[in-house]
Amino acid sequence: MSSKPKSAALQNSLLAAIQQKAPASPPPEGNPTPPPAVQAPAELDLQEAPPQRSERRRGRVGSPVQFWFHDEDRHLLRELAAWLAGQGLRPTDSMVIRAALRTAKTGGPFLQAYREASELDGRLKQHKL
Amino acid sequence: MNAPLNITVLAKKGGVGKTTVSLMLHEAFRQAGKTVYVQDWDPQGTSSKALALLIGEQKVSRQEADIVIWDTPPSLDDTATATAARSADIALAVTTPAPFDIWEADEAAQFVQSKNSKAIVRIVVNKFDKRTILGRLIADSLKLVSVPSLPIMISERECYKHSGPHGWKVLDSAAREEVLQFAVALLSLA
Numbered sequence: 001m002s003s004k005p006k007s008a009a010l011q012n013s014l015l016a017a018i019q020q021k022a023p024a025s026p027p028p029e030g031n032p033t034p035p036p037a038v039q040a041p042a043e044l045d046l047q048e049a050p051p052q053r054s055e056r057r058r059g060r061v062g063s064p065v066q067f068w069f070h071d072e073d074r075h076l077l078r079e080l081a082a083w084l085a086g087q088g089l090r091p092t093d094s095m096v097i098r099a100a101l102r103t104a105k106t107g108g109p110f111l112q113a114y115r116e117a118s119e120l121d122g123r124l125k126q127h128k129l
Numbered sequence: 001m002n003a004p005l006n007i008t009v010l011a012k013k014g015g016v017g018k019t020t021v022s023l024m025l026h027e028a029f030r031q032a033g034k035t036v037y038v039q040d041w042d043p044q045g046t047s048s049k050a051l052a053l054l055i056g057e058q059k060v061s062r063q064e065a066d067i068v069i070w071d072t073p074p075s076l077d078d079t080a081t082a083t084a085a086r087s088a089d090i091a092l093a094v095t096t097p098a099p100f101d102i103w104e105a106d107e108a109a110q111f112v113q114s115k116n117s118k119a120i121v122r123i124v125v126n127k128f129d130k131r132t133i134l135g136r137l138i139a140d141s142l143k144l145v146s147v148p149s150l151p152i153m154i155s156e157r158e159c160y161k162h163s164g165p166h167g168w169k170v171l172d173s174a175a176r177e178e179v180l181q182f183a184v185a186l187l188s189l190a
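As they're listed, the protein sequences go chains W and X. The end of the first sequence is residue 129 by our numbering, with every number in the run present. The end of the second sequence is residue 190 by our numbering, with every number in the run present.
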């Protein structure tokens, strides 16, 4: 008859033990620390290069590009980078994107992925309106 | 900001209950008011499907969570398993009481130790039933493995399977106590 309150008391004490032992993050407003460098947003390295830089590196092949990434895209990029890290590499975002471009295949799955990405694209939505 | 506690759940083979253990831990920590992120790297994606039903989209990122649970593919050859092993503060090699599974769990535990010497590695017995022969022999079976096991075993209960899409509310009192005791035992290692 008294088993239910006893069980509830036990559960409460176990929950209190978890609260005490598990790590706790501070609330979001008290958290001004920027994320670590490896988890920085997934823009290419060259995005923030000032114009003078291109003059200094005239012999360099390629040009700066800017992407708009959603959180979902960053997540995918990080997963690919994590996989490469598992292979003993230290991938940069640029290298991951370049590798992905080289392995992408045209066809139905690519078309479907493009359509899904288009659904998320705010600029395309504006044009449609 | 405190670094999250990374708990990697792995096994060399499928069907031993990696996802069940991951989801039970998720629910236990959530009940205690902790923010939990489940990194589902199992290609079956069962954790993700269950979480979509339980909480919808995960509310926090991996960096913001108090606890990150890594649910891995049922293979030690997969690079995702290796990455999860390298990230682990605590690694749980899940097994059933069957000797074949226990041997594979021992290999999984040794795999983590080879990838990440700092990780605390434990064998977790899932689907335990003390009324069966294998259940009665479990203490002897675990003597054959090189890695210690967690003292709390997860019992064979139908409500655990039911809780996949329905969460904490469908667990009976005994199951809740067991899962919470399991979580406390786990945190005591860290």
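Source of the hints: derived by calculation from the structure; they are not laboratory data. Some clues are possibly wrong.
Claimed, not checked - Just the calculated beta-carbon pair ranges, DEER-fashion: (1) X:Pro148 <-> W:Val65: 43 to 53 Å; (2) X:Gly33 <-> W:Leu89: 30 to 40 Å; (3) X:Gln113 <-> W:Val65: 39 to 49 Å.
The model shown is predicted, which means the values in this text are computed figures rather than measured ones. C-beta: ideal position from N, C-alpha, C; glycine also.
Right, here's what the structure says about each hint:
1. X:Pro148 <-> W:Val65: 43 to 53 Å: Between Pro148 (chain X) and Val65 (chain W), where Cβ atoms are some 52 Å apart, the hint holds.
2. X:Gly33 <-> W:Leu89: 30 to 40 Å: holds (38 Å)
3. X:Gln113 <-> W:Val65: 39 to 49 Å: Taking Cβ atoms as reference, Gln113 (chain X) and Val65 (chain W) lie about 43 Å apart, which means the hint holds.
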